[in-house]
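Colleague: Sequence:
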Amino acid sequence: MLAILLAIRLPEGDNARNVRVALNLRGGDLMMRADGRAPSMASATSILLILAVLFGPSTLALGQGVGTEAKTPNPPGVDFFNLTLQQTRALSRTKNFEVVGHSYFKGPWLTPFAQQTGIGAGFNTPRVYDGIAYLAGYASPITLFAILIADVRDPANMNVLSVIPCKPGTRCPYLRVNTGRHILIATHDTNRDNPRQPQAGDAAGAGVGFYDISNPRRPKGLGFLVTRENGATHGFDIDDRYVYACANTPPTKDPKFGGGNQEVVIIDYGDPGHPTLVSTVHIQGQHTGETFEPRDRQTPEQTPQHIWCHEIIKHKDRLYVAWRDAGLVIIDVSVPSAPKIISRLDYVPPFSGGSLGAAHTAAPVIVNPTAYPKLVVVNDEIFDCPPGITRIVDISDLSNPQFISNYRIPAVDDNYNDQTGKFVCAGTVQSSHLPWFDYRSSGLIYQAWYDQGLHAWDISNPYTPREVGYYFSPRYPCTGPCGGGYPGAVHQHSDRHVREVFQDPATGLLYATDGNGGGLTVLRWTGPIPRPPMPLH
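Everything in the sequence shown is counted per numbering that gives the first Met the number 0, starting at 0 for the first residue and increasing by one.
No wet-lab data here; the hints were simulated from the structure.
Quick caveat, the model's predicted, so the values are computed rather than measured.
There is no bait here: all hints are sound.
Listed next, with one range per pair, are the computed distances between beta-carbon atoms:
hint, residue 1, residue 2, range
1, Asp150, Asn414, 41 to 47 Å
2, Asp153, Asp270, 33 to 39 Å
3, Ala337, Glu228, 23 to 29 Å
Cβ atoms here follow ideal geometry from the backbone N, Cα and C, with glycine treated the same way.
Working from the sequences, and respecting the hints, build out all of it.
Modeller: The structure is reproduced here in C-alpha coordinates:
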(Lines of atoms letter the chains of each structure in order from A and count residues from 1; the text may use other names and numbers.)
(Lines give C-alpha, C1' and ligand atoms only; values in the text may rest on other atoms or scores of the structure.)
Protein backbone atom coordinates (compact mmCIF):
# COMPACT_ATOMS: atom_id res chain seq x y z
CA MET A 1 0.00 0.00 0.00
CA LEU A 2 1.28 3.40 -0.94
CA ALA A 3 0.98 6.06 1.73
CA ILE A 4 1.54 9.65 0.72
CA LEU A 5 1.89 12.28 3.40
CA LEU A 6 1.35 15.68 1.86
CA ALA A 7 2.07 19.09 3.33
CA ILE A 8 -0.47 21.56 1.99
CA ARG A 9 -0.97 25.24 2.74
CA LEU A 10 -4.64 26.03 3.31
CA PRO A 11 -6.19 29.46 3.91
CA GLU A 12 -7.78 29.98 7.29
CA GLY A 13 -8.92 33.56 7.73
CA ASP A 14 -5.92 35.77 7.06
CA ASN A 15 -3.51 33.05 8.02
CA ALA A 16 -2.51 29.68 6.69
CA ARG A 17 -1.83 26.40 8.33
CA ASN A 18 -0.03 23.20 7.51
CA VAL A 19 -2.06 20.06 7.42
CA ARG A 20 -0.96 16.51 7.07
CA VAL A 21 -3.07 14.10 5.05
CA ALA A 22 -2.78 10.44 4.24
CA LEU A 23 -3.91 9.03 0.90
CA ASN A 24 -4.12 5.30 0.32
CA LEU A 25 -2.68 4.41 -3.05
CA ARG A 26 -1.34 1.30 -4.71
CA GLY A 27 2.39 0.81 -4.84
CA GLY A 28 5.42 0.80 -2.59
CA ASP A 29 6.49 3.00 0.28
CA LEU A 30 6.29 6.49 -1.19
CA MET A 31 6.22 9.29 1.36
CA MET A 32 6.18 13.04 0.90
CA ARG A 33 6.63 14.59 4.30
CA ALA A 34 5.38 17.70 6.01
CA ASP A 35 8.66 17.87 7.90
CA GLY A 36 10.57 18.65 4.71
CA ARG A 37 12.43 15.36 4.42
CA ALA A 38 12.79 13.87 0.98
CA PRO A 39 10.47 11.17 -0.33
CA SER A 40 11.79 7.74 0.44
CA MET A 41 11.02 5.89 -2.79
CA ALA A 42 9.92 8.11 -5.66
CA SER A 43 10.76 11.28 -7.44
CA ALA A 44 8.91 14.54 -7.00
CA THR A 45 7.86 14.21 -10.62
CA SER A 46 6.09 10.94 -9.85
CA ILE A 47 4.27 12.53 -6.94
CA LEU A 48 3.10 15.46 -9.02
CA LEU A 49 1.96 13.11 -11.76
CA ILE A 50 -0.17 11.12 -9.30
CA LEU A 51 -1.73 14.30 -7.96
CA ALA A 52 -2.42 15.57 -11.46
CA VAL A 53 -4.18 12.36 -12.39
CA LEU A 54 -6.23 12.31 -9.20
CA PHE A 55 -7.17 15.95 -8.96
CA GLY A 56 -6.46 17.61 -12.31
CA PRO A 57 -6.30 21.40 -12.06
CA SER A 58 -8.43 21.44 -8.92
CA THR A 59 -7.23 22.81 -5.64
CA LEU A 60 -6.52 19.98 -3.21
CA ALA A 61 -7.96 20.94 0.14
CA LEU A 62 -8.69 19.07 3.29
CA GLY A 63 -11.22 19.50 6.07
CA GLN A 64 -10.19 18.45 9.53
CA GLY A 65 -12.48 17.42 12.34
CA VAL A 66 -11.34 18.10 15.87
CA GLY A 67 -14.21 16.47 17.75
CA THR A 68 -12.95 13.05 18.79
CA GLU A 69 -13.82 11.07 21.86
CA ALA A 70 -11.13 10.32 24.36
CA LYS A 71 -11.32 6.81 25.76
CA THR A 72 -12.42 7.13 29.38
CA PRO A 73 -13.71 4.36 31.64
CA ASN A 74 -17.45 3.93 31.79
CA PRO A 75 -18.98 5.19 35.05
CA PRO A 76 -19.37 2.20 37.38
CA GLY A 77 -22.82 0.76 37.87
CA VAL A 78 -24.41 2.55 34.91
CA ASP A 79 -26.78 0.61 32.64
CA PHE A 80 -26.33 2.37 29.31
CA PHE A 81 -29.46 0.74 27.93
CA ASN A 82 -31.66 2.06 30.71
CA LEU A 83 -30.77 5.74 31.00
CA THR A 84 -33.19 8.53 31.78
CA LEU A 85 -33.23 11.58 29.53
CA GLN A 86 -31.37 13.51 32.19
CA GLN A 87 -28.68 10.82 32.34
CA THR A 88 -28.51 10.71 28.54
CA ARG A 89 -27.78 14.42 28.47
CA ALA A 90 -25.21 14.15 31.25
CA LEU A 91 -23.35 11.30 29.56
CA SER A 92 -23.35 12.91 26.10
CA ARG A 93 -20.66 15.24 24.79
CA THR A 94 -21.75 17.96 22.40
CA LYS A 95 -20.69 21.05 20.54
CA ASN A 96 -23.51 23.11 18.99
CA PHE A 97 -26.03 20.31 19.57
CA GLU A 98 -28.70 20.09 22.28
CA VAL A 99 -30.22 16.76 23.32
CA VAL A 100 -34.00 17.26 23.51
CA GLY A 101 -35.26 13.68 23.55
CA HIS A 102 -34.35 10.02 23.56
CA SER A 103 -36.07 6.63 23.59
CA TYR A 104 -34.85 3.04 23.42
CA PHE A 105 -38.26 1.98 22.06
CA LYS A 106 -38.29 -1.19 24.10
CA GLY A 107 -41.31 -3.46 23.71
CA PRO A 108 -42.64 -6.77 22.43
CA TRP A 109 -41.62 -5.86 18.88
CA LEU A 110 -37.96 -6.46 19.80
CA THR A 111 -36.29 -9.81 19.19
CA PRO A 112 -35.97 -12.34 22.02
CA PHE A 113 -32.23 -11.57 22.04
CA ALA A 114 -32.85 -7.85 22.63
CA GLN A 115 -35.45 -8.49 25.31
CA GLN A 116 -33.23 -10.97 27.14
CA THR A 117 -30.18 -8.70 27.12
CA GLY A 118 -32.17 -5.57 27.99
CA ILE A 119 -30.97 -3.48 25.06
CA GLY A 120 -33.24 -1.24 23.02
CA ALA A 121 -34.12 -1.07 19.36
CA GLY A 122 -31.39 -0.74 16.77
CA PHE A 123 -32.50 1.57 13.96
CA ASN A 124 -31.20 2.45 10.53
CA THR A 125 -33.33 4.90 8.51
CA PRO A 126 -35.49 7.52 10.27
CA ARG A 127 -38.10 9.74 8.63
CA VAL A 128 -40.31 12.21 10.51
CA TYR A 129 -43.30 14.13 9.16
CA ASP A 130 -46.03 15.98 11.08
CA GLY A 131 -44.83 14.61 14.39
CA ILE A 132 -44.91 10.98 13.23
CA ALA A 133 -41.67 9.00 12.97
CA TYR A 134 -41.10 6.04 10.67
CA LEU A 135 -38.17 4.03 11.97
CA ALA A 136 -36.58 1.13 10.08
CA GLY A 137 -35.11 -1.55 12.32
CA TYR A 138 -31.51 -2.67 12.08
CA ALA A 139 -30.29 -6.20 12.62
CA SER A 140 -26.65 -5.99 13.69
CA PRO A 141 -26.85 -6.79 16.59
CA ILE A 142 -30.14 -8.64 16.24
CA THR A 143 -32.70 -6.25 17.77
CA LEU A 144 -35.58 -5.42 15.43
CA PHE A 145 -36.97 -6.93 12.23
CA ALA A 146 -39.72 -4.39 11.73
CA ILE A 147 -40.60 -0.78 11.01
CA LEU A 148 -41.93 1.20 13.97
CA ILE A 149 -44.35 4.09 13.51
CA ALA A 150 -44.19 6.41 16.52
CA ASP A 151 -45.64 9.64 17.86
CA VAL A 152 -42.64 11.92 18.46
CA ARG A 153 -44.41 15.25 18.93
CA ASP A 154 -43.05 15.28 22.48
CA PRO A 155 -39.40 14.24 22.05
CA ALA A 156 -39.13 13.52 25.77
CA ASN A 157 -42.06 11.09 25.64
CA MET A 158 -42.12 9.21 22.31
CA ASN A 159 -44.57 6.35 21.88
CA VAL A 160 -45.02 3.54 19.35
CA LEU A 161 -48.29 3.68 17.40
CA SER A 162 -47.91 0.60 15.20
CA VAL A 163 -45.50 -2.00 13.87
CA ILE A 164 -44.90 -3.23 10.32
CA PRO A 165 -42.98 -6.54 10.47
CA CYS A 166 -40.39 -7.36 7.85
CA LYS A 167 -41.30 -10.20 5.51
CA PRO A 168 -40.24 -13.62 6.83
CA GLY A 169 -36.56 -14.26 6.21
CA THR A 170 -35.73 -10.60 5.57
CA ARG A 171 -34.67 -7.42 7.27
CA CYS A 172 -36.16 -4.05 6.22
CA PRO A 173 -33.68 -1.32 7.23
CA TYR A 174 -34.43 1.23 4.47
CA LEU A 175 -37.62 3.23 4.01
CA ARG A 176 -39.02 6.32 2.33
CA VAL A 177 -42.38 8.07 2.76
CA ASN A 178 -44.55 9.61 0.05
CA THR A 179 -46.35 12.11 2.28
CA GLY A 180 -48.74 13.30 -0.43
CA ARG A 181 -50.01 9.81 -1.20
CA HIS A 182 -49.63 8.49 2.38
CA ILE A 183 -47.50 5.56 1.23
CA LEU A 184 -44.55 4.09 3.09
CA ILE A 185 -42.06 2.18 0.95
CA ALA A 186 -39.47 -0.23 2.34
CA THR A 187 -36.87 -2.54 0.85
CA HIS A 188 -36.66 -6.10 2.20
CA ASP A 189 -33.29 -7.82 2.20
CA THR A 190 -32.71 -11.54 2.76
CA ASN A 191 -31.55 -12.17 6.33
CA ARG A 192 -31.20 -15.50 8.14
CA ASP A 193 -31.29 -13.94 11.63
CA ASN A 194 -34.94 -12.92 11.43
CA PRO A 195 -36.78 -15.15 13.95
CA ARG A 196 -39.60 -15.35 11.40
CA GLN A 197 -38.38 -17.45 8.48
CA PRO A 198 -40.24 -18.70 5.38
CA GLN A 199 -41.85 -22.10 5.55
CA ALA A 200 -39.60 -25.01 4.69
CA GLY A 201 -38.83 -25.02 0.99
CA ASP A 202 -39.94 -21.43 0.41
CA ALA A 203 -37.55 -18.65 -0.57
CA ALA A 204 -37.23 -15.28 1.13
CA GLY A 205 -38.75 -12.77 -1.24
CA ALA A 206 -36.34 -9.86 -1.31
CA GLY A 207 -37.82 -6.76 -2.89
CA VAL A 208 -39.83 -3.58 -2.31
CA GLY A 209 -42.98 -3.31 -0.19
CA PHE A 210 -45.69 -0.63 -0.23
CA TYR A 211 -47.89 0.29 2.75
CA ASP A 212 -50.88 2.58 3.27
CA ILE A 213 -50.11 4.86 6.25
CA SER A 214 -53.07 7.23 5.96
CA ASN A 215 -53.85 6.02 9.50
CA PRO A 216 -50.45 5.62 11.18
CA ARG A 217 -52.04 3.52 13.92
CA ARG A 218 -53.26 0.96 11.38
CA PRO A 219 -50.89 0.64 8.40
CA LYS A 220 -52.02 -1.67 5.62
CA GLY A 221 -49.99 -3.65 3.13
CA LEU A 222 -50.67 -2.66 -0.47
CA GLY A 223 -48.32 -4.49 -2.80
CA PHE A 224 -44.90 -6.09 -3.02
CA LEU A 225 -42.47 -6.50 -5.90
CA VAL A 226 -40.00 -9.36 -5.55
CA THR A 227 -36.76 -8.28 -7.20
CA ARG A 228 -35.07 -11.65 -6.64
CA GLU A 229 -35.80 -14.61 -4.40
CA ASN A 230 -33.20 -14.91 -1.65
CA GLY A 231 -31.65 -11.74 -3.04
CA ALA A 232 -30.44 -8.45 -1.61
CA THR A 233 -31.72 -4.90 -1.68
CA HIS A 234 -30.21 -1.74 -0.28
CA GLY A 235 -30.61 2.04 -0.44
CA PHE A 236 -33.20 3.76 -2.60
CA ASP A 237 -35.05 6.98 -3.35
CA ILE A 238 -38.51 7.83 -4.67
CA ASP A 239 -40.53 10.43 -6.48
CA ASP A 240 -44.30 10.56 -6.79
CA ARG A 241 -44.43 7.75 -9.36
CA TYR A 242 -41.23 5.70 -9.30
CA VAL A 243 -38.91 3.91 -6.90
CA TYR A 244 -35.19 3.94 -7.73
CA ALA A 245 -33.55 1.14 -5.74
CA CYS A 246 -30.42 -0.97 -5.45
CA ALA A 247 -31.36 -4.63 -5.80
CA ASN A 248 -30.37 -8.01 -7.17
CA THR A 249 -32.38 -9.23 -10.13
CA PRO A 250 -32.42 -12.60 -11.92
CA PRO A 251 -29.73 -11.53 -14.46
CA THR A 252 -27.24 -10.42 -11.80
CA LYS A 253 -24.55 -12.81 -10.68
CA ASP A 254 -25.14 -14.68 -7.42
CA PRO A 255 -25.26 -12.18 -4.56
CA LYS A 256 -22.29 -12.05 -2.26
CA PHE A 257 -22.60 -11.52 1.45
CA GLY A 258 -23.30 -7.86 2.08
CA GLY A 259 -25.21 -7.27 -1.13
CA GLY A 260 -22.80 -7.89 -3.99
CA ASN A 261 -23.91 -7.35 -7.58
CA GLN A 262 -26.92 -5.12 -6.92
CA GLU A 263 -27.94 -2.98 -9.87
CA VAL A 264 -30.34 -0.03 -10.16
CA VAL A 265 -33.98 -1.02 -10.57
CA ILE A 266 -36.74 1.44 -11.49
CA ILE A 267 -40.21 0.48 -10.26
CA ASP A 268 -43.52 2.07 -11.20
CA TYR A 269 -45.84 2.33 -8.19
CA GLY A 270 -48.56 4.39 -9.83
CA ASP A 271 -50.74 1.52 -8.64
CA PRO A 272 -49.05 0.62 -5.33
CA GLY A 273 -51.08 -2.57 -5.13
CA HIS A 274 -49.47 -3.81 -8.34
CA PRO A 275 -45.96 -2.31 -8.65
CA THR A 276 -44.09 -3.14 -11.86
CA LEU A 277 -40.44 -3.25 -12.87
CA VAL A 278 -39.78 -0.64 -15.58
CA SER A 279 -36.03 -0.86 -16.24
CA THR A 280 -32.60 -1.58 -14.77
CA VAL A 281 -29.07 -0.18 -14.99
CA HIS A 282 -25.88 -2.10 -14.26
CA ILE A 283 -22.12 -1.90 -14.65
CA GLN A 284 -20.74 -4.27 -17.27
CA GLY A 285 -19.68 -7.45 -15.50
CA GLN A 286 -22.52 -7.58 -12.97
CA HIS A 287 -24.74 -9.82 -15.11
CA THR A 288 -24.20 -13.53 -15.60
CA GLY A 289 -21.97 -14.18 -18.62
CA GLU A 290 -20.39 -10.71 -18.57
CA THR A 291 -16.79 -9.74 -17.82
CA PHE A 292 -15.81 -6.63 -15.91
CA GLU A 293 -13.79 -3.96 -17.65
CA PRO A 294 -10.14 -3.87 -16.55
CA ARG A 295 -10.73 -0.83 -14.32
CA ASP A 296 -13.42 -2.73 -12.38
CA ARG A 297 -11.47 -5.91 -11.70
CA GLN A 298 -8.86 -5.48 -8.98
CA THR A 299 -8.27 -3.28 -5.95
CA PRO A 300 -4.87 -1.82 -5.05
CA GLU A 301 -4.49 -4.88 -2.82
CA GLN A 302 -4.94 -7.13 -5.90
CA THR A 303 -8.28 -8.49 -4.68
CA PRO A 304 -11.56 -8.42 -6.64
CA GLN A 305 -13.38 -5.11 -6.55
CA HIS A 306 -16.84 -4.81 -5.04
CA ILE A 307 -19.02 -3.49 -7.85
CA TRP A 308 -22.56 -2.99 -6.60
CA CYS A 309 -25.12 -0.25 -6.20
CA HIS A 310 -25.29 0.91 -2.58
CA GLU A 311 -27.24 4.18 -2.21
CA ILE A 312 -29.30 6.37 -4.56
CA ILE A 313 -30.41 10.00 -4.28
CA LYS A 314 -32.66 11.52 -6.95
CA HIS A 315 -32.75 15.20 -7.90
CA LYS A 316 -34.73 16.46 -10.87
CA ASP A 317 -34.29 13.80 -13.59
CA ARG A 318 -30.96 12.42 -12.41
CA LEU A 319 -29.85 9.74 -9.99
CA TYR A 320 -26.68 10.18 -7.95
CA VAL A 321 -25.53 6.67 -7.16
CA ALA A 322 -22.77 5.41 -4.87
CA TRP A 323 -21.63 2.22 -6.59
CA ARG A 324 -19.01 0.99 -4.14
CA ASP A 325 -15.70 0.42 -5.97
CA ALA A 326 -17.23 1.70 -9.22
CA GLY A 327 -17.39 5.10 -7.51
CA LEU A 328 -19.83 7.91 -8.24
CA VAL A 329 -22.29 7.20 -11.07
CA ILE A 330 -24.82 9.73 -12.40
CA ILE A 331 -27.81 8.41 -14.36
CA ASP A 332 -30.26 10.30 -16.56
CA VAL A 333 -33.79 9.03 -15.82
CA SER A 334 -35.73 11.62 -17.80
CA VAL A 335 -37.16 8.59 -19.61
CA PRO A 336 -37.60 6.01 -16.80
CA SER A 337 -37.90 3.14 -19.26
CA ALA A 338 -34.56 4.07 -20.86
CA PRO A 339 -32.13 5.26 -18.16
CA LYS A 340 -28.56 5.98 -19.18
CA ILE A 341 -25.29 6.61 -17.36
CA ILE A 342 -24.05 10.13 -18.14
CA SER A 343 -21.09 10.47 -15.77
CA ARG A 344 -18.81 8.35 -13.63
CA LEU A 345 -15.94 9.04 -11.26
CA ASP A 346 -14.09 5.77 -10.66
CA TYR A 347 -11.41 6.16 -7.99
CA VAL A 348 -10.69 2.55 -6.97
CA PRO A 349 -7.85 2.20 -7.81
CA PRO A 350 -5.80 4.27 -7.07
CA PHE A 351 -7.66 4.60 -3.76
CA SER A 352 -8.54 1.53 -1.73
CA GLY A 353 -12.14 0.49 -1.23
CA GLY A 354 -11.39 -1.83 1.65
CA SER A 355 -13.07 -5.17 2.18
CA LEU A 356 -16.63 -4.21 1.19
CA GLY A 357 -16.20 -1.43 -1.38
CA ALA A 358 -15.72 2.32 -1.18
CA ALA A 359 -18.56 4.67 -2.14
CA HIS A 360 -21.45 4.58 0.33
CA THR A 361 -23.54 7.66 -0.48
CA ALA A 362 -23.41 10.27 -3.25
CA ALA A 363 -25.33 13.30 -2.01
CA PRO A 364 -25.86 16.18 -4.47
CA VAL A 365 -25.36 19.62 -2.94
CA ILE A 366 -28.60 21.44 -3.79
CA VAL A 367 -28.15 25.22 -3.82
CA ASN A 368 -30.93 25.98 -6.32
CA PRO A 369 -33.67 23.31 -6.32
CA THR A 370 -34.57 24.11 -9.94
CA ALA A 371 -31.01 23.66 -11.23
CA TYR A 372 -28.63 20.73 -11.51
CA PRO A 373 -26.05 20.68 -8.72
CA LYS A 374 -22.38 21.36 -9.32
CA LEU A 375 -21.15 19.51 -6.25
CA VAL A 376 -21.64 16.03 -4.82
CA VAL A 377 -20.59 14.84 -1.37
CA VAL A 378 -19.32 11.25 -1.60
CA ASN A 379 -18.50 9.31 1.52
CA ASP A 380 -16.58 6.07 1.72
CA GLU A 381 -17.74 3.37 4.12
CA ILE A 382 -14.54 1.50 4.88
CA PHE A 383 -14.24 -0.71 7.93
CA ASP A 384 -10.57 -1.49 7.34
CA CYS A 385 -7.57 0.56 8.46
CA PRO A 386 -7.51 3.44 7.68
CA PRO A 387 -11.30 3.94 7.73
CA GLY A 388 -13.52 5.73 5.24
CA ILE A 389 -13.53 9.52 4.84
CA THR A 390 -15.72 11.94 2.88
CA ARG A 391 -14.90 13.79 -0.35
CA ILE A 392 -16.40 16.73 -2.21
CA VAL A 393 -16.63 16.35 -5.99
CA ASP A 394 -16.96 19.06 -8.63
CA ILE A 395 -19.41 17.75 -11.26
CA SER A 396 -19.88 21.00 -13.19
CA ASP A 397 -18.29 19.16 -16.13
CA LEU A 398 -19.97 15.75 -16.21
CA SER A 399 -17.31 14.46 -18.58
CA ASN A 400 -14.60 15.18 -16.02
CA PRO A 401 -15.76 15.08 -12.38
CA GLN A 402 -12.96 15.95 -9.96
CA PHE A 403 -12.23 15.76 -6.25
CA ILE A 404 -11.71 19.24 -4.82
CA SER A 405 -11.46 18.45 -1.11
CA ASN A 406 -12.07 15.92 1.60
CA TYR A 407 -12.98 16.04 5.25
CA ARG A 408 -12.07 13.59 7.95
CA ILE A 409 -11.15 13.25 11.62
CA PRO A 410 -7.33 13.44 11.84
CA ALA A 411 -7.08 11.69 15.22
CA VAL A 412 -8.90 8.76 13.61
CA ASP A 413 -7.78 8.83 9.98
CA ASP A 414 -4.22 10.18 10.01
CA ASN A 415 -2.46 7.88 12.46
CA TYR A 416 0.42 6.71 10.31
CA ASN A 417 3.43 4.93 11.77
CA ASP A 418 6.53 5.94 9.83
CA GLN A 419 8.56 3.06 11.21
CA THR A 420 6.15 0.27 10.29
CA GLY A 421 4.79 1.95 7.17
CA LYS A 422 1.23 1.26 8.30
CA PHE A 423 -1.75 3.14 9.63
CA VAL A 424 -2.76 2.64 13.25
CA CYS A 425 -6.47 2.29 13.99
CA ALA A 426 -8.66 1.89 17.04
CA GLY A 427 -9.97 -1.57 16.20
CA THR A 428 -13.57 -0.38 16.05
CA VAL A 429 -15.73 0.98 13.22
CA GLN A 430 -14.56 4.58 12.76
CA SER A 431 -15.77 5.15 9.20
CA SER A 432 -17.79 8.06 7.90
CA HIS A 433 -21.39 7.21 7.11
CA LEU A 434 -24.50 8.84 5.69
CA PRO A 435 -24.59 12.68 5.28
CA TRP A 436 -27.67 14.91 5.58
CA PHE A 437 -27.93 18.60 4.59
CA ASP A 438 -29.61 21.18 6.81
CA TYR A 439 -32.83 22.30 5.11
CA ARG A 440 -31.92 25.96 5.71
CA SER A 441 -28.56 25.80 3.94
CA SER A 442 -26.73 23.15 1.95
CA GLY A 443 -23.56 24.64 3.41
CA LEU A 444 -24.22 22.70 6.62
CA ILE A 445 -23.89 18.90 6.65
CA TYR A 446 -24.77 16.57 9.50
CA GLN A 447 -22.95 13.29 9.12
CA ALA A 448 -23.16 10.03 11.04
CA TRP A 449 -19.72 8.63 11.82
CA TYR A 450 -20.40 5.28 13.49
CA ASP A 451 -18.36 4.99 16.72
CA GLN A 452 -17.29 8.62 16.31
CA GLY A 453 -20.85 9.88 16.74
CA LEU A 454 -22.44 12.65 14.69
CA HIS A 455 -20.45 15.52 13.19
CA ALA A 456 -21.47 18.82 11.60
CA TRP A 457 -19.46 20.31 8.75
CA ASP A 458 -19.45 23.75 7.17
CA ILE A 459 -18.86 23.41 3.41
CA SER A 460 -19.76 27.00 2.47
CA ASN A 461 -16.26 27.07 1.02
CA PRO A 462 -16.18 23.59 -0.54
CA TYR A 463 -12.42 23.80 -0.98
CA THR A 464 -11.87 24.07 2.78
CA PRO A 465 -14.63 22.25 4.68
CA ARG A 466 -14.43 22.52 8.45
CA GLU A 467 -16.03 20.83 11.40
CA VAL A 468 -18.41 23.07 13.38
CA GLY A 469 -20.12 20.67 15.78
CA TYR A 470 -20.37 17.15 17.13
CA TYR A 471 -22.53 14.88 19.25
CA PHE A 472 -21.18 11.87 21.10
CA SER A 473 -23.98 9.84 22.62
CA PRO A 474 -23.59 7.80 25.78
CA ARG A 475 -21.90 4.52 25.03
CA TYR A 476 -24.24 1.87 23.72
CA PRO A 477 -21.77 -1.02 23.40
CA CYS A 478 -22.41 -3.90 21.06
CA THR A 479 -23.81 -6.80 23.07
CA GLY A 480 -23.85 -9.40 20.30
CA PRO A 481 -22.53 -10.12 16.82
CA CYS A 482 -22.07 -6.78 15.07
CA GLY A 483 -21.64 -7.73 11.44
CA GLY A 484 -18.81 -9.88 10.17
CA GLY A 485 -18.00 -11.84 7.06
CA TYR A 486 -15.72 -9.29 5.40
CA PRO A 487 -12.11 -10.52 5.62
CA GLY A 488 -9.89 -7.84 7.12
CA ALA A 489 -12.75 -5.59 8.19
CA VAL A 490 -13.43 -4.33 11.69
CA HIS A 491 -17.00 -5.03 12.75
CA GLN A 492 -17.11 -4.12 16.40
CA HIS A 493 -19.13 -1.03 17.31
CA SER A 494 -17.69 -0.97 20.80
CA ASP A 495 -18.97 2.44 21.92
CA ARG A 496 -21.95 3.37 19.76
CA HIS A 497 -23.34 2.79 16.28
CA VAL A 498 -24.62 6.10 14.89
CA ARG A 499 -26.09 5.14 11.53
CA GLU A 500 -28.25 7.90 10.05
CA VAL A 501 -29.60 11.35 10.80
CA PHE A 502 -32.72 13.04 9.42
CA GLN A 503 -33.95 16.60 9.87
CA ASP A 504 -37.65 17.41 10.10
CA PRO A 505 -37.99 20.61 8.03
CA ALA A 506 -41.13 21.59 9.95
CA THR A 507 -39.33 21.81 13.30
CA GLY A 508 -35.62 21.75 12.46
CA LEU A 509 -35.16 18.89 14.91
CA LEU A 510 -32.66 16.16 14.06
CA TYR A 511 -33.30 12.45 14.58
CA ALA A 512 -30.21 10.26 14.97
CA THR A 513 -30.39 6.47 15.04
CA ASP A 514 -28.15 4.02 16.87
CA GLY A 515 -27.74 0.51 15.50
CA ASN A 516 -26.45 -1.08 18.72
CA GLY A 517 -29.79 -0.87 20.50
CA GLY A 518 -29.43 2.73 21.64
CA GLY A 519 -32.70 3.69 19.97
CA LEU A 520 -33.44 7.21 18.71
CA THR A 521 -32.02 10.54 19.89
CA VAL A 522 -33.64 13.89 19.09
CA LEU A 523 -31.26 16.83 18.74
CA ARG A 524 -31.45 20.54 18.06
CA TRP A 525 -28.71 22.35 16.17
CA THR A 526 -27.67 25.43 18.18
CA GLY A 527 -24.77 26.59 16.06
CA PRO A 528 -24.64 29.12 13.21
CA ILE A 529 -26.14 28.42 9.80
CA PRO A 530 -23.49 28.97 7.12
CA ARG A 531 -24.30 30.31 3.69
CA PRO A 532 -24.72 27.86 0.81
CA PRO A 533 -21.53 26.78 -0.93
CA MET A 534 -19.91 29.52 -2.94
CA PRO A 535 -19.95 29.32 -6.74
CA LEU A 536 -17.21 27.15 -8.17
CA HIS A 537 -16.48 29.18 -11.25
